[in-house]
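Protein chains in written order, with our numbering: chain A, 1 to 148; chain B, 1 to 122.
It cannot be assumed that every hint is accurate.
Claimed, not checked - Okay, derived cross-link-like pairs now, DSS-like style, lysine-lysine, Cα gap no bigger than 25 Å in a straight line:
1) B:Lys83 - B:Lys116
2) B:Lys106 - B:Lys62
3) B:Lys10 - B:Lys116
4) B:Lys116 - B:Lys106
5) A:Lys59 - B:Lys84
6) B:Lys70 - A:Lys59
7) A:Lys83 - B:Lys29
8) A:Lys83 - B:Lys84
9) B:Lys10 - A:Lys59
10) A:Lys3 - B:Lys83
11) B:Lys62 - B:Lys11
12) A:Lys83 - A:Lys3
13) B:Lys83 - A:Lys83
14) A:Lys59 - B:Lys29
15) B:Lys10 - A:Lys46
16) B:Lys29 - A:Lys3
17) A:Lys46 - B:Lys62
18) B:Lys62 - A:Lys59
As the list claims (entries may be wrong) - What the simulated footprint calls covered on chain A by chain B, stretch by stretch (three residues with Cβ under 8 Å from a Cβ of chain B suffice, anywhere in the stretch; the number is not a length):
19) 45–57
20) 68–75
No wet-lab data here; the hints were simulated from the structure.
Owing to the predicted nature of the structure, the values given are computational and were not obtained by experimental measurement.
Ideal placement from N, C-alpha and C gives every residue a C-beta, glycine not left out.
These are the residues of each chain, in order.
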Amino acid sequence: MIKDTIEQQLREWFTQMTNQYRWLRIKFEFNENRDVFMVSFAPTSKIELSDEFNLAALKFADDMNARFGNNAPLFTDEELLFKLSDNAEVIGGERTFSTISPLRYSTAVSVKTHRSNYSWVSTQSCTTSPIKKNFKQSQSDSCFFVAA
Amino acid sequence: MESAQILIDKKQYTCSVHCSYYAVFQYMKYMLASTNSNPISFTEQNSHNGEDSHEYILNETKNRINQPYKIIRNFSEAVRILKKNRVEADYQQKEFTDLECLDCKKNAEVLISTLKRYFGNI
């Protein structure tokens, strides 16, 4: 199925990119209503500084469109052009201090020096946050973030 | 864009999405034919009807935007999302709300402004 093929290619590329760009966070999901994968990259503060990443993302999107046409994934930065649901999967991201409680809450502290109007990542330090019910982590060493 | 607004005023929201997208598409074609930077005539543009002509027009437009890759990427992403909306409006059962179609129109206006900024107000 095309959807499975696209997903496989997305995950392969996500793995490659998050290994190469350790700051890169990718949030994505398959939108059943629109019948398309939707992908959001973050943080824009780092993306803006990386011509290399932008060129790679540009070429990847072009390739996906050439191969899959109207079924090709849609891309944006920090959900600027479209919003993802709470069920979206998150991959990658810089490691920040986190303490995992044996209870239902996890503790995450992230230090940000900027505020993005469109960021879905918490820009404030937080000491406790409930784990969202459908929150998924693809990498066991990734940090927990609370959606803004 | 005027047509899009007229349709919105008449609450023909889904139909307006078609006009919003094609305003951008036609503007890209016009820019490509009119630019000083390696122009592509309408005849030559039309010769690519066999492949995805919309993707061809977008790629050729991107190739002539002399800006950082992030700007080119953002432009490309916005066009493709608008194109996706157009496909849904024209061929699928999706009914667009007033907010959704106004969003499409606004995005189309931003894209056209972007084209004017980088190609000049031809």
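These are the hints, each one checked on the structure:
1. A C-alpha spacing of about 20 Å is found between B:Lys83 and B:Lys116, which places the hinted pair at or below 25 Å, so the restraint holds.
2. With a C-alpha separation of about 20 Å, the suggested pairing of B:Lys106 with B:Lys62 holds against the 25 Å cut-off.
3. Taking the CA atoms of B:Lys10 and B:Lys116, the gap is about 29 Å. The hint is violated against a cut of 25 Å.
4. The hinted pair formed by B:Lys116 and B:Lys106 meets the criterion: a straight-line CA distance of about 15 Å does not exceed 25 Å.
5. Between A:Lys59 and B:Lys84, the direct Cα distance comes to roughly 19 Å. Compliance with the 25 Å bound is thereby established for this hinted pair.
6. For the hint pairing B:Lys70 with A:Lys59, the CA-to-CA distance comes to about 12 Å; that is within 25 Å, so the pair holds.
7. Using a Cα cut-off of 25 Å, the hinted pair A:Lys83 and B:Lys29 is violated, with the two alpha carbons roughly 30 Å apart.
8. Taken as a hint, the A:Lys83 and B:Lys84 pair is honoured in the structure, with Cα atoms around 15 Å apart against an allowance of 25 Å.
9. With a C-alpha separation of about 40 Å, the suggested pair B:Lys10 and A:Lys59 falls outside the 25 Å cut-off, and the hint is violated.
10. For the proposed pair A:Lys3 and B:Lys83, the alpha carbon gap of about 20 Å is at most 25 Å, so the pair holds.
11. About 34 Å separates the Cα atoms of B:Lys62 and B:Lys11, which puts this hinted pair outside 25 Å; it is violated.
12. For a cut-off of 25 Å, the pair hint linking A:Lys83 to A:Lys3 stands: about 20 Å separates their Cα positions.
13. A C-alpha spacing of about 17 Å is found between B:Lys83 and A:Lys83, which places the hinted pair at or below 25 Å, so the restraint holds.
14. Distance restraint check for A:Lys59 and B:Lys29: the Cα-Cα separation of roughly 22 Å lies within the 25 Å cut-off, and the hinted pair is therefore satisfied.
15. Among the hinted pairs, B:Lys10 with A:Lys46 is inconsistent with the structure: their alpha-carbon atoms are about 44 Å apart, more than 25 Å.
16. Simply put, B:Lys29 and A:Lys3 have alpha-carbon atoms about 32 Å apart, too far for the 25 Å limit, and the pair is violated.
17. For the suggested pair A:Lys46 and B:Lys62, the alpha carbons sit about 23 Å apart, so the restraint of at most 25 Å is met.
18. Between B:Lys62 and A:Lys59, the direct Cα distance comes to roughly 12 Å. Compliance with the 25 Å bound is thereby established for this hinted pair.
19. Interface restraint, the segment 45–57 of chain A with chain B: holds (6 residues with C-beta to C-beta distance below 8 Å; minimum three).
20. With a cut-off of 8 Å between beta carbons, the segment 68–75 of chain A has 5 residues touching chain B; three or more are needed, and the interface restraint holds.
Checked against the numbered hints given earlier, the structure breaks hints 3, 7, 9, 11, 15, 16 and satisfies all the rest.
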